[in-house]
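Keeping their order, the protein sequence lines are chains U and L. For the first sequence, counting from 1, position 145 maps to 145 in this note's numbering; every step adds exactly one. For the second sequence, counting from 1, position 212 maps to 212 in this note's numbering; every step adds exactly one.
Mixed in with the good hints there might be a few duds.
[Unchecked claim] If you only want the chain U side, here are some residues facing chain L, beta carbon under 8 Å, derived:
1) P8
2) I27
3) H311
Everything labelled a hint here was simulated from the structure, so no lab data went into it. Quick caveat, the model's predicted, so the values are computed rather than measured. Ideal Cβ placement from N, Cα and C applies to all residues, glycine included.
2 protein chains.
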Amino acid sequence: MLALSGYPLGLRFVFVDPVPNAPGGQIAEQIVADYADAAAHARLAECDVVTYEFESVPEAAAQKLAERVLVLPPPSALATAQDRLSEKRCFQKLGVPTAPFAPVSTLPELERAVADIGLPAVLKTRRLGYDGKGQFVLRKPEDVALAWAELGGVSLLLEGFVRFERELSLLGVRGKDGSTVFYPLVENHHRDGILRVTWAPAPNVTPELQARAEHYSQLLLDKLDYVGVLALELFELGGDLYANEMAPRVHNSGHFSIEGAETSQFENHLRAVLGLPLGATAVREPCAMLNLVGALPQPESVLEVPGAHLHFYGKAPRPGRKVGHITVTAPTRAELEARVARLSTLPGAV
Amino acid sequence: MLALSGYPLGLRFVFVDPVPNAPGGQIAEQIVADYADAAAHARLAECDVVTYEFESVPEAAAQKLAERVLVLPPPSALATAQDRLSEKRCFQKLGVPTAPFAPVSTLPELERAVADIGLPAVLKTRRLGYDGKGQFVLRKPEDVALAWAELGGVSLLLEGFVRFERELSLLGVRGKDGSTVFYPLVENHHRDGILRVTWAPAPNVTPELQARAEHYSQLLLDKLDYVGVLALELFELGGDLYANEMAPRVHNSGHFSIEGAETSQFENHLRAVLGLPLGATAVREPCAMLNLVGALPQPESVLEVPGAHLHFYGKAPRPGRKVGHITVTAPTRAELEARVARLSTLPGAV
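Bound conformation, chain U alone (with noise of 0.2 Å):
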């Protein structure tokens, strides 16, 4: 999505992916290879800029490379955003609230934690966590022992669970010459771990609600001297927002602004990491976007639908495999709401 965008502005990639066949190498030069290959860098050093969509490439790869080459987002926020330690720390420094947490090496740490923190809770490895993989969550005090075995041997941290109303998240874009721009905030569906529906804008979102989401990512972007899109996700509780975590990338739940914004954030990230002007991110109409996960559906039965736009990624389907999404829009949220419901029933959208 991101060579889709950038195309039309004149733009070639290059793209590293250790898996054959990967989506970007379906419509652009792909380096099969590890992502601290010497060939692979070698290449790479000749492009004008190197960015990533993929936010578990090792950071000392990242910062050999960005010795040859511009590397954007830098490759310490990547590192901040890795290690789900190193990110809470990151957002308390910054007074961006969060659930009380406490790193976990051993049992009786994980013990004090929960003493601490109180059930229920969430124990979570501190790296290369996603999809709801690599999460434990402790309801009752016998889970302690469970969730240990299950985790147990890594760098863990615990977090108290928030009893959040929803989720949302906000995608921040930020320039070269530090200027920003922010989407309206969206509202995030999972089941399973997996986000399966993103409604954008987010209903019943106050112009402070907005701002407070705003304000909590231009601190986390000049904090980092960051470049690129940035997906923070967000919890919301009684009117409050708590940090959940936040992506290095262009995310998921910005897939909808294909179509839904007035300009996407693949072609934002681009602009922002070759320093051109930002684009306006307006939604016009209701919007949502719903994740193709294990299956893909008759194209027919999608484009159907009124409004209804279709993104296959060239992927083979596997069990809880993200291989496409559906972007919908609609003049109404009432109408909007019809035209998911029908979608919600294909195969992949189930």
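For chain U, the structure is supplied; the task is to place chain L on it using the hints.
For chain L alone, kept in the frame of chain U given last:
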């Protein structure tokens, strides 16, 4: 632009173009070959469907290919549109108004046609004219000899000169099942025979005018058993519409639709030739398209204008060559005009 709109639908593309490194070849497989080349046909015959975005593909080549693979729009429609006389007779037969016209092959025939139709009139080659090439405007009797000296020797057509108030165009799309959708009429401004600016929707279009244009397009689409996007260029004069010509392909005056319409003409063309449901054609905000001719502006200078989006085609600039376009949207027509005025000062758009 077809490929960029088709990738999200899960499509793959093979382009045939005699010019190496054509725009399509920069983002997909390109066969560098003549349109009638046997090896190229063998490769195309492996596709599900073949279409064209260049109306001068020889009809014989298209017909031959159609014996092996589905070719849409039908080669017969291509043939009708390639020959100005067939095209005008098709309009005439269907009751679609045109300027008076007469075929011309000899100087005496030209003199007779001028006597019948009167001056001013336009002498045009029957085939291979585009961007104002192969045309001669006759204003006074002495121009007859000059026009003949310039164009004589090939099959010609003399047309009465419509002193039109403005040029409009209508993009119609017909699906395999005969369903049709139409975009709002757009207003086109040329200079030196080359389209420079399209306003979408055209201002001051009554529902009756839109309905009449759609009626004419519907007659053509059905008569030609058409599948895909058909552009119909119309002159408006005193509330009446006169068909100028049709283009059996996605059309420059429809480029605005990438950002400006709910479904782009490119996606709708692909949906049509694949037998998929057609997408909505609504234009939500006033929009304009500025061609970039002979030169490319600095991307910054375009993107700093609110609502502006850039499309470079990967072509080297040459005088008179279309090398890209800018789309710009705005909440009001007045604001749109201000933005267009600003963009109109840039290299390529001047």
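Verification of the hints:
| no. | hint | verdict |
| --- | --- | --- |
| 1 | P8 | 4 Å, holds |
| 2 | I27 | 6 Å, holds |
| 3 | H311 | 4 Å, holds |
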